[in-house]
Amino acid sequence: EDKPVALIVSQGGLGDQSYNDLAHSGFLRALKETGLEGKAVESKEVVSQATEILRRASDADFGLIVDLEYAHGEPMLEVAKDYPDTKYVILNQVREGSNIASVLFQEQEGSYLAGTLAALVTTDTSIKGINDKPVIGVIGGTKSAGIDKFIAGYVEGAKAANPEIVVKIAYSNNFGDPAVGLQMAKAMIEEGADVIYHVAGGTGMGVIQAAKEAGVYAIGVDTDQDGIAPGNVLTSMVKHSDNAVETVIQDYAADKFPGGQTITLGLKENGVGLSEMKYTKDRIPPAILEKVEAAKQDILSGKIKVWNVVDQGYPDFLK
Amino acid sequence: MSMDEFQPDTTIRLGAQGVTRRFGALVANDGITFRAHRGTIHAIVGGNGAGKSTLMRILQGMDRPDEGVVLVDGMPTVFFGPADAFQKGIGMVHQEFMLVPGLTLLENLVLAQEPLDGLRRIDRRKALDAARKLEREAGVTLDWDMPVDDAPVHVRQIVEILRLLYRGADVLILDEPTAVLAPAQVQELIVLLQKLRSEGRTILFISHKLDEVMALADEITVIRAGKVIGAMKTAETSKAALAEMMIGEILSRPNARPSAVGRTVLELRGLAAKDARGVLRLKELDLDIRAGEIVGIAGVAGNGQDELIAAVTGLGRIERGSVRLDGEDVTRLGLRDRRERGLSYLSPDRAAEGLCLAAPISENLIAGRHRAAALCKGGVLQKGAIRRHVETLLDRFSVKRASSALPISSLSGGNQQRVAMARELDGDPKLLVACQPTRGVDIRGIAFIHQCLLDYREAGGAVLVISEELDELIALSDRIVVLYDGRVTGEVSRGSAKVEELGRMMLGETRAEIAA
Amino acid sequence: MSAVASTARTAPAIGWRDVALAVAPLVLALVVAGIVLAVAGHNPLEVYWLLLKESFGGVKRIAATVAASTPLILTGLATAVAFRSGVFNVGVEGCVLVGGLAAAYVGFTFVGLPATLLLPFALGAAVIAGTLWMLVPALLKARLDVDEVVTTLMLNFIAVSLTAWLVNGPLLAPGSANSATPMVVEAARLPRLMPPSTLNAGFLIAIALLVLYWLWGRGTALGLETRLAGLNPRFAIASGINVPMLIIKMMLLSGAIGGLAGGIQALGTVNRFVVGFSPGYGFTGIAVALLGRGSAIGILLAALLFGALATSGATIQLFSDVPIEIVNILQGTVMIFAVARFGWLLKQRQGGK
Amino acid sequence: MIDNIIHAAFLMTTPILLAALGGLVNRVAGLVNIGLDSMMLAGALVGLMVASQTGSWPAALVAAALVGGLLGLLMSLTVTRLQANEIIVGLGFNIAVAGLVRFFLKSWYGTSGTLSLPDVAMLPRIHIPVVADIPVLGAIFSDHDPLTWAAWLLVPATAWFLARTRLGLRLRAAGAAPQAARALGLNPLNLRDASTVFAGAMSGLAGAYLCIGVVGIFNEGITAGRGFLALAAFYFGRNRPWPTALGALLFGLFDAIQIRLQGRGLPAELVQTLPYVMVIVILTLVAITLKRARNKGA
Ligand SMILES: Nc1ncnc2c1ncn2[C@@H]1O[C@H](COP(=O)(O)OP(=O)(O)OP(=O)(O)O)[C@@H](O)[C@H]1O
Ligand SMILES: Nc1ncnc2c1ncn2[C@@H]1O[C@H](COP(=O)(O)OP(=O)(O)OP(=O)(O)O)[C@@H](O)[C@H]1O
Ligand SMILES: [Mg+2]
Ligand SMILES: [Mg+2]
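So the protein sequences, as listed, match chains Z, S, C and B. With this note's numbering applied, the first sequence corresponds to residues 1 to 319, in that order. With this note's numbering applied, the second sequence corresponds to residues 1 to 516, in that order. With this note's numbering applied, the third sequence corresponds to residues 1 to 353, in that order. With this note's numbering applied, the fourth sequence corresponds to residues 1 to 298, in that order.
Hints were generated in silico from the structure; no laboratory data involved. Fair warning: this is a prediction, and the values are worked out from it, not measured in the lab. The beta carbon of each residue, even a glycine, is placed where N, CA and C say it ideally should be. Every clue listed holds true.
If you want a taste of the chain C side facing chain B, the calculated C-beta under 10 Å gives, among others:
no.: 1; residue: A40
no.: 2; residue: G41
no.: 3; residue: V90
no.: 4; residue: V146
no.: 5; residue: D147
no.: 6; residue: F157
no.: 7; residue: L166
no.: 8; residue: A287
no.: 9; residue: E325
no.: 10; residue: I329
no.: 11; residue: L330
no.: 12; residue: T333
no.: 13; residue: V334
no.: 14; residue: R341
Sequences are here, hints too, so could you generate the full structure?
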């Protein structure tokens, strides 16, 4: 195939420092590699204009349309029927259709490991900046199943590692307000939290800033954010949605488009996981790292099935 | 005439040379030429809309002529804004008040020429000293820290004049300064102006009240429809002559034929009311008005008139007492319900309350009555019916207009007042509360409006007139009730009323005391 | 507030000179945005041509533009109604949200009902929700003279959070990764006018309301009273018009129309309520109302203008490298200059007034 | 706990307060400024850039104020000279400037959304030795940055400026009665422009505060509608500096509280509405008491 590719950016647009930016980077990489034409589309009205945009792209005969907007699930079904020769990709949900490929991420699995690590670290006062209180935190960009999927995994992992653990949960209600992220992290640090996971895009920058100021630890998300505040970002829950986008585009270029299939990216597929902890590894006692590694193996082997809020609804420990 | 033939005459402090100012099709000033000599009081008279204010605005640099020039000290001059005029010692008190609400009197006095202290703050003490000095010159005393909004009109008037003196103006342009003043206050003002003249200042004085003009002015220029009709020394003319020049005809005085008084329409008992600031202004007032009679309220502003109006119309709340309208107790009802029961109210404040200047003439004319069955069916306005109704009314009250669809701001003062009057007399109400019915209206307008009121009375209507014009009250009222400090201190019936006697009663003397 | 005063006025008869004066600003806006485009290395003319093609080039695009302007017509109308009575209601955004959610809720809950019942029911729910949302500020304004700008602005923020909570907890669609209700059933969806375009019967409703508004403004007693109260409350009161009651009525009406806008969006376009449901229709509505000088036709044109920018702004990205921010800059400058008056250019002095 | 809340409250208040005071003066002079948010955003970006370039926070503040003021001037001219409707112009500026900022970030730094620069000079915190250890007082007075102090000192200063100075008086006149001001030879339009420039400068500072006072980075969403909260604040205060400051403080305080109330059972979304609900509640209570008083009075 050589028809051009369209990337439809989801709400919040590019510059969200997470989901959209990540997918976009994969998109650009793929274009370079495959030499395909491609355009990214942003719109404040991406939700209400769903079908209009999808149809316009299909009419303008783009061969492949990668859609990051979650609310485009149903509209895509409708449109895809009318354009059998156009290929569509939807993320974070499964949509039937021979010309639709669905991509699912198992963020909860990576988050589980982050939670395990955090819970083990937070009571080990031998580590610089750590107090003995079994208190950790997590800050979500908005209260939604998509975000709580991360948070549930994190909490589950933490509880598994230390039943006594207290996990502070807060939502910034905004993916682009570092000031509020900083305030929320500070509030948690006041209450003894010394490891704080953020699932809040740009707002998370404030969380990392707070960890740096207070000499405690943040956990990054989506990309490897360890470098943003070396030594104060314990690890990052990397989510390779960029790779996902990149691969489907390459497959499409090679006429191997996985139409009708669902691509799942979890620990096993190396679609999610913890960063290599460049700046913090040596501070963490090997025992802890081993425990985390063990948990990873249990997930891979299926011994541990991490709770998925999107499929299974809210678990009791989040209610 | 061209400039080179023009030789400056320095006895002319301020003047105009062929000044023309157009507003669209309308020519407000049409080649006006006049001269005000140094140290004199020069009156400009003319009907509403004759073009007086327009000319004055030009003389003060607020507005620029389309043709012609302003003369300062005999020299043709072009102003770049009022600041420029102040530079040349020319200041103006505008027809509509030009004080800044929310500021104190003192702040208004010094605004735009504030005395500063070392820290570049406004120096309150310097300002106050200046104010006191001006006070003494003017022979008044004011509470300078009072917010303008609380100050009675005559105080505002004085502040506006003092402000000009403060700015060092030696030419004072006063556009209808007496329109809003009570007789006593007019006297004070006249004295003040004469004093200022004696100090060598030049004054341009505009008024519709020819007595004042005759009493005050040295020279008079008459304008009609934007043109100068004549200029003369006061000594060489008379009221009648002026009136004829102003409106181009001789008016027949409105005459009040005796009319049969009927049932009691308005009955006030033990009325007491406070003003906005909670001061008891109306104290135990009883008053009856019967069908077919006009009752006038005389009194110096601030003796309870406003509260009386509020109480009768239902616009304000009262402390004690009762109000009966045509036998029915309406004490608890608001203006709306009282209007439905036959009350009609001509507001003293035409611009802010009496009319909606931005709205078309027609809508001003039907506002409030627009739901009447004839004009409105099922909430839908009957365009045809309304147009006919409006045009008939406008013609009956001979309102000069380009089109009834134009905003009413396009009408002259007098014509605006006619519209207001027409609306209130429409749908024959039982009681008309007419406040300052001819404020700012020229003699032709006054005559017309008085006739309307008298006709209405003859037709069996009851009228409560509140006015600061004693002549007006005397001309209209079957009974004049004098209001002093919230109480009725006297009553005079038609024929037996004399201006000076009333004037003294208004200052608190009872009839008996005056007789003695 | 001056904004109110300026819109409260009824639009005067439009002459050619006015047309010229009305077009001049748009031209200026295009010039300014053109400079930005040029700096960004795009050919302004090409971009404008593309925008034009993408908004009005062909039936499909026109349909898209009209569809995009439907909610703006309604929010503009909702705002204008309040402005007429002298109330500066900036809370239409909130009404859109609660209205949209209410309609969606009915649409996916009472699945048993036939379209003939369900659709009116759902729209009715939207209207009621919007009306109730304005009740508090209306009463506060009319009875206690609490400034409506603050209260309605605050209510917007509250509406965002409240709806977010509802669609994420009680009303969350199972198996959904972001806060969204289930889809509304077919029976609850507004019929599309020219499938596959999302242009739907909601547009007809909007137009109908626009006509009603026009008639109401010039032909009815209530319209007259509203205008007078907006222009000069003291006068209105002195003429025996019940102004507080009028203010309540108009604010509730404004809320009702705002709610309807949300309902139509939920039942016609998005077919559910989801976070990010309204990209600020309420706020654009303010611009639409003011830009349209409060007149029915003006509102229609302004809504079409912004609708066109919204649709074409999104789709031109498929055919050029013009990024969304450039489109935003264009939208902004159009807004700014579209209300500029150039009367002063043709020397026209206002005298004393 | 309480200390932390108080301290955080002041932190969150400062940007709103700065912008609100600017908007207040602007409105007193007769222009309602809906565009504060845009000036904040520009100020934030420029503030960060200069703070990183020069490594001096005063320079950053000056730059932020300048760019804010410049935007203010542009906005004012379109309103006063082109007689454009101030509300739309404000909304338009918010959209256009947001676009410009993104455009600039992309074309200049090749990033979108967030900008983090090396060695940004953050605002210093002023630690007051003894006071710092006193419970509540410490939180109120100690460890705040210069801008927070400036903001609060500006409250009485603004009140004094409007009441006592020549310019203040003239601004009030220009707002309350432009015709009268004109008749006295003042130029209401120029005065109005001046006030808008001030509002812009203050908003610019508010933006800079978010960037170099709170977090060391810029994000296109960093103002998070605070310009509108500022608007609400000076409407709340009915143009009087102290009540306006109170309004701003309400937002800051209840924001600080809601952050700490989260995860205590109540749904986060509802807790987040606390500041907005409280503002309405308090306005209502004030209005009721006023009405009571009036009814007694007359
Ligand atoms: N602002 C305006 N715009 C347009 N036309 C106006 C305006 N002002 C006045 N006119 C018209 O110019 C004509 C002259 O008005 P003018 O005030 O001279 O009437 P008038 O004879 O003085 O009436 P009156 O004596 O009752 O005031 C009137 O018909 C009026 O409608
Ligand atoms: N700004 C304006 N625009 C249009 N017409 C105007 C304007 N100002 C005045 N006019 C009209 O010009 C004519 C002269 O107005 P002007 O105010 O000078 O009359 P006047 O002699 O002062 O009347 P009055 O005695 O009622 O004050 C009137 O018809 C008036 O309506
Ligand atoms: Mg006149
Ligand atoms: Mg006049």
